[in-house]
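Please arrange chain G on chain W, whose structure you already have, making use of the hints.
2 protein chains.
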Amino acid sequence: MLTVAIPKGALLKDSIQLLSAVGLDFSAFLEPGNRQLQITDPTETAKALLVRNSDVPVYVEYGQAQLGIVGYDVLREKAPNVAHLVDLRFGSCRMSVAVKAASPYRSSLELPLHGRVASKFVHCARKYFEHLDLPVEIVPLYGSVELGPITGMSEAIVDLVATGNTLRENGLIEIDVLFQSTARLIAHPLSYRLNTDALNAYVEHIRSQIKDAIAA
Amino acid sequence: MLTVAIPKGALLKDSIQLLSAVGLDFSAFLEPGNRQLQITDPTETAKALLVRNSDVPVYVEYGQAQLGIVGYDVLREKAPNVAHLVDLRFGSCRMSVAVKAASPYRSSLELPLHGRVASKFVHCARKYFEHLDLPVEIVPLYGSVELGPITGMSEAIVDLVATGNTLRENGLIEIDVLFQSTARLIAHPLSYRLNTDALNAYVEHIRSQIKDAIAA
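For the protein sequence lines, the chains are W and G, in the order given.
The working numbering numbers the first residue of the first sequence as 1 and each following residue consecutively.
The working numbering numbers the first residue of the second sequence as 1 and each following residue consecutively.
Pulled out of the complex, with its shape left as it was, chain W reads as follows (with noise of 0.2 Å):
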């Protein structure tokens, strides 16, 4: 059976009503009060796993799932083995570099040479400052990057950015974007060349979906 990893979180919507507009019914996840991880779409041709955003290309890659929806940034942030194959267009944000507005920075060439910059995002913020030649340490964290700053623990962070919020409200300003994100499509890259569980269909149905969403 053809199973789907969805992201739980601020793309879960979207991305149950874009299966749903495809024929697969995993309404269930977003009922209030739903604990369960896994359920099948009632006309049982289709089984979908409710999982962290982070965790989708996991399951993806090691066959558990057929299909993903994840944000684009994990994508970039964990390289995983995964077939990439639509952009979804909905879940907009932007991974992006942020400084105290009351800092003198105003773009990440100006950051102080063996400066710190806060992340959950490690590795796209490595590989963005080396290839700005720009020597700055990295410091892992897991929540409120914006605390980096603020204690000046970090003069920067680089963290994704929708409604820029959270920045304004923590006197943060961003100064650089590394890179748009948007959710995409991903599938178990063998189970795509073989068209496991007719799977190309599927994809093939979404694609069509998001060109008519933007024709119209």
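Honestly, the hints are just simulated from the structure, not real lab data.
Some hints here could point you the wrong way.
Computed list of lysine to any residue pairs in SDA-like fashion (alpha-carbon distance at most 20 Å, straight line) [stated by the list, open to error]:
no.	chain 1	residue 1	chain 2	residue 2
1	W	K8	G	Y142
2	G	K78	W	M153
3	G	K120	W	P140
4	G	K8	W	T166
5	W	K120	G	G9
6	G	K211	G	V86
7	G	K47	G	G63
Here is chain G on its own, set in the frame of chain W:
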């Protein structure tokens, strides 16, 4: 000013209570709807940062906080460069190996060679199986690790177990314990040696609180 890094989540309430017993009132963090990540004690003798359990040692290692309260599991997983001072005796849990109750495995050594073990605690899991001389593949997950065996992606998991309810609800059983964990008091090594901001008096006060609690 003395700064203490306090962990969000399961250890928060006991941490605030312990600090209040040594004269530091950070109960504002417990108020419903609190959004502050940084507060000063009403006597203005100390500051507290509210951060993720796994971020506590980062703030202490970089000297942004001189003291911190953190689960022993994090100290084992991250091996941060901090002074590990007092076992605070609350937040008891254990790092365990668990498998599907329906599986044939009843100890770690019965797991199949080159099997898979899903865990958020990649370092702890790897060291444990290396020590057993059992070659396994560690699959890094960030949440709902119990889905590993349920979906068949992994034979086992290594995860923190407190009450065991999550395991039971998911049809898993513990088969081995890596180590017991409790909350620990940690300090920035140099601040501790130099007794910055009368740090040592607080540490001794906390130590005697714990001793009194055990004696009582």
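Against the structure, the hints come out as follows:
1. A distance of roughly 12 Å separates the Cα atoms of K8 (chain W) and Y142 (chain G); the hinted pair therefore holds under the 20 Å criterion.
2. The straight-line distance between the Cα atoms of K78 (chain G) and M153 (chain W) is roughly 19 Å, inside the 20 Å bound, and the hint therefore holds.
3. At roughly 16 Å between alpha-carbon atoms, K120 (chain G) and P140 (chain W) fall within 20 Å of each other, so this suggested pair holds.
4. With a C-alpha separation of about 18 Å, the suggested pairing of K8 (chain G) with T166 (chain W) holds against the 20 Å cut-off.
5. Restraint check for K120 (chain W) and G9 (chain G): satisfied, since their Cα atoms lie roughly 19 Å apart, inside the 20 Å limit.
6. Between the alpha carbons of K211 (chain G) and V86 (chain G) the distance comes to roughly 10 Å, so the proposed pair stays at or under 20 Å and holds.
7. Distance hint between K47 (chain G) and G63 (chain G) is fulfilled; the C-alpha atoms sit about 13 Å from each other, no more than 20 Å.
Against the hints set out earlier in the document, no violation occurs for any number.
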